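Chemist: Protein sequence lines correspond, in order, to chains A and B. Per the working numbering: the first sequence = residues 1 to 225. Per the working numbering: the second sequence = residues 1 to 217.
Think of the hints as simulated: they come from the structure by calculation, not from any bench. A quick note: this is a predicted structure, and the numbers were derived from the prediction, not measured. Check each hint, because a few of them may be wrong.
Capping the alpha-carbon separation at 25 Å, the derived lysine-lysine pairs in PhoX-like fashion look like this [what the hints assert, rightly or not]:
#  : chain 1 : residue 1 : chain 2 : residue 2
1  : B       : K178      : B       : K191
2  : B       : K178      : B       : K76
3  : B       : K178      : A       : K109
4  : B       : K76       : A       : K135
5  : A       : K135      : B       : K67
6  : B       : K10       : B       : K87
7  : B       : K87       : B       : K9
8  : B       : K87       : A       : K135
9  : B       : K76       : B       : K87
10 : A       : K109      : B       : K76
11 : B       : K67       : B       : K87
12 : A       : K210      : A       : K2
13 : A       : K211      : A       : K6
14 : B       : K67       : B       : K9
15 : B       : K19       : B       : K9
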Amino acid sequence: MKHWWKILAVILVLYTIIFGFLIEVPALPILHESIRNLFYHVTMWFSMIILCGVSWVYSIMFLNTGRTDHDIIASEAANLGIMFGSIGILTGMIWANFTWGAPWVNDPKLNGAAITMLIYLAYFVLRNSMDEEQKRAKVSSVYNIFAFILLIVFLYILPRMTDSLHPGNGGNGTFSDLDIDNTMRTVFYPAIIGWTLIGVWFLNIRVRIKKLSHQRETELINNNI
Amino acid sequence: MNDIIFLIKKEAQLEFRQKYAIGGILLYVISTTFVCYLSFRSIVDIPTWNALYWIIVLFASVNAISKSFAQESQGKLLYLYTLTNPKAIIISKIIYNSGLLAILTLTTTFFYSLFLGNVIGDLKQFIIVAIAGSIGLASLLTLVSAIAAKTNNNVSLMATLSFPIILPLLITIIHASKNAIDDLGWAVNGKYIIVLLALNALITALSYLLFPYLWRD
Chain A
1 MKHWWKILAV ILVLYTIIFG FLIEVPALPI LHESIRNLFY HVTMWFSMII
51 LCGVSWVYSI MFLNTGRTDH DIIASEAANL GIMFGSIGIL TGMIWANFTW
101 GAPWVNDPKL NGAAITMLIY LAYFVLRNSM DEEQKRAKVS SVYNIFAFIL
151 LIVFLYILPR MTDSLHPGNG GNGTFSDLDI DNTMRTVFYP AIIGWTLIGV
201 WFLNIRVRIK KLSHQRETEL INNNI
Chain B
1 MNDIIFLIKK EAQLEFRQKY AIGGILLYVI STTFVCYLSF RSIVDIPTWN
51 ALYWIIVLFA SVNAISKSFA QESQGKLLYL YTLTNPKAII ISKIIYNSGL
101 LAILTLTTTF FYSLFLGNVI GDLKQFIIVA IAGSIGLASL LTLVSAIAAK
151 TNNNVSLMAT LSFPIILPLL ITIIHASKNA IDDLGWAVNG KYIIVLLALN
201 ALITALSYLL FPYLWRD
């Protein structure tokens with residue numbers, strides 16, 4: 001059973017989708033049934049930050065070891081982070097449109113989301129601006145490590161100092177003491193694990209494709225010589 | 001330690017020999033301020049005054065620091081490599097650029113409040129924020145310019161790479177300087193200035209740790 005975690009991922013995501021729409025949710029003003037988006041919007045951000053964290057760890061490992069594999073994992077994890085981030089922004093915009101009245105409002109968390117996307121897009125612009133493999137890997141790892149730490153500061157430390165519409169910031173209570181009741185928890189936590197495992201699965205496949213094409217490239221070069 | 005002092009001296013001498021560099025940057029802020037003066041006449045609204053001030057400073061500092069590594073030719077870098085260690089180089093560049101940006105922000109403050117109206121409530125606090133801010137901007141932009149110098153088109157990349165990651169720093173600076181303009185006193189603003197100094201320390205430490213990896217080529 002090498003692939004048990006893939007089965008677990010599918011089961012958890014199916015569970016999230018089915019029970020996310022079926023369970024009893026607390027009837028709250030403004031939010032109403034849209035609170036179910038918690039299982040699909042908030043979990044995207046968890047997966048994104050975890051994937052970006054994976055990318056950060058592999059960048060550090062690359063600088064220590066200099067192995068191309070680590071750089072491939074770092075860049076692909078960042079890539080998937082962007083994918084989860086885009087889905088997170090889209091689901092968030094739908095939710096915001098219902099609850100706050102506009103798809104985009106001025107809020108530290110939303111700005112944080114926008115900055116995250118800008119940082120990782122800049123990371124890819126940087127990667128594409130260099131052809132030499134080792135140099136590209138080294139320079140982009142340095143940028144990735146630097147940017148991720150500043151991103152964490154921006155996302156988790158500075159918002160504590162200002163007000164936000166999101167729960168858990170400046171005066172607003174967190175979701176857990178406001179409105180997540182225990183039934184919602186039974187879906188929310190499996191949802192985080194499920195989506196993250198799906199992300200890891202994607203990462204696994206993409207890294208394997210990248211490695212194969214890299215191998216093929218070197219073979220072609222060697223044959224031509 | 002001697003290396004650092006020597007390298008700062010070298011930077012200063014280079015700057016003096018080609019006087020257009022610092023003169024150009026100072027002229028850049030003065031003319032930008034004048035453009036703002038002609039477009040706005042005077043700004044009474046404090047958030048606008050503050051934001052425009054820091055945008056001018058941000059663009060001027062990106063311009064000032066982008067040449068920090070780009071001007072070093074491959075040969076000169078190799079020569080420095082044999083003479084000293086990368087940690088001395090990054091520290092000396094950060095110190096030198098901080099000094100440069102401190103001069104730049106103070107000049108901007110002078111001309112900006114001269115042309116667009118002086119709204120600063122607590123000048124001493126504002127200058128402390130401005131200097132702490134220029135140290136932070138200098139250390140972040142120095143590392144980014146080292147990264148950008150490794151690529152082929154470093155002028156446009158410098159802005160692309162630095163703007164997203166400069167935001168945590170810039171937002172703290174803007175908050176702190178707005179509190180200084182509003183004259184809220186140390187009890188309120190002290191918190192922001194401490195966060196700003198902590199950010200400066202974090203950024204400098206990261207540059208110090210990461211630069212040696214960029215250096216080896």
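Chemist: All hints are to be evaluated individually against the structure, with a verdict given for each.
Modeler: We went through each hint and held it up to the structure:
1. At roughly 13 Å between alpha-carbon atoms, B:K178 and B:K191 fall within 25 Å of each other, so this suggested pair holds.
2. Straight-line distance between C-alpha atoms of B:K178 and B:K76 comes to about 43 Å, which puts the hinted pair past the 25 Å bound.
3. Under the criterion of a C-alpha separation no larger than 25 Å, the hint pairing B:K178 with A:K109 is consistent with the structure, at around 22 Å.
4. At roughly 19 Å between alpha-carbon atoms, B:K76 and A:K135 fall within 25 Å of each other, so this suggested pair holds.
5. This hinted pair checks out: A:K135 and B:K67 have alpha carbons roughly 21 Å apart, not beyond 25 Å.
6. Distance hint between B:K10 and B:K87 is fulfilled; the C-alpha atoms sit about 16 Å from each other, no more than 25 Å.
7. A hinted pair counts as satisfied when its Cα atoms are at most 25 Å apart, and B:K87 with B:K9 qualifies at roughly 16 Å.
8. The suggested pairing of B:K87 with A:K135 holds, with an alpha-carbon distance near 20 Å, which does not exceed 25 Å.
9. The hinted pair formed by B:K76 and B:K87 meets the criterion: a straight-line CA distance of about 17 Å does not exceed 25 Å.
10. Distance restraint check for A:K109 and B:K76: the Cα-Cα separation of roughly 45 Å exceeds the 25 Å cut-off, and the hinted pair is therefore not satisfied.
11. As the CA atoms of B:K67 and B:K87 are separated by approximately 19 Å, the hinted pair is consistent with the 25 Å bound.
12. Our distance criterion of 25 Å between C-alpha atoms is met by A:K210 and A:K2, whose separation comes to about 22 Å.
13. Proximity of A:K211 to A:K6 is assessed by CA-CA distance (about 21 Å); at most 25 Å being required, the pair is judged to hold.
14. Between B:K67 and B:K9 the alpha-carbon distance is near 17 Å, which keeps this suggested pair within the 25 Å criterion.
15. Under the criterion of a C-alpha separation no larger than 25 Å, the hint pairing B:K19 with B:K9 is consistent with the structure, at around 15 Å.
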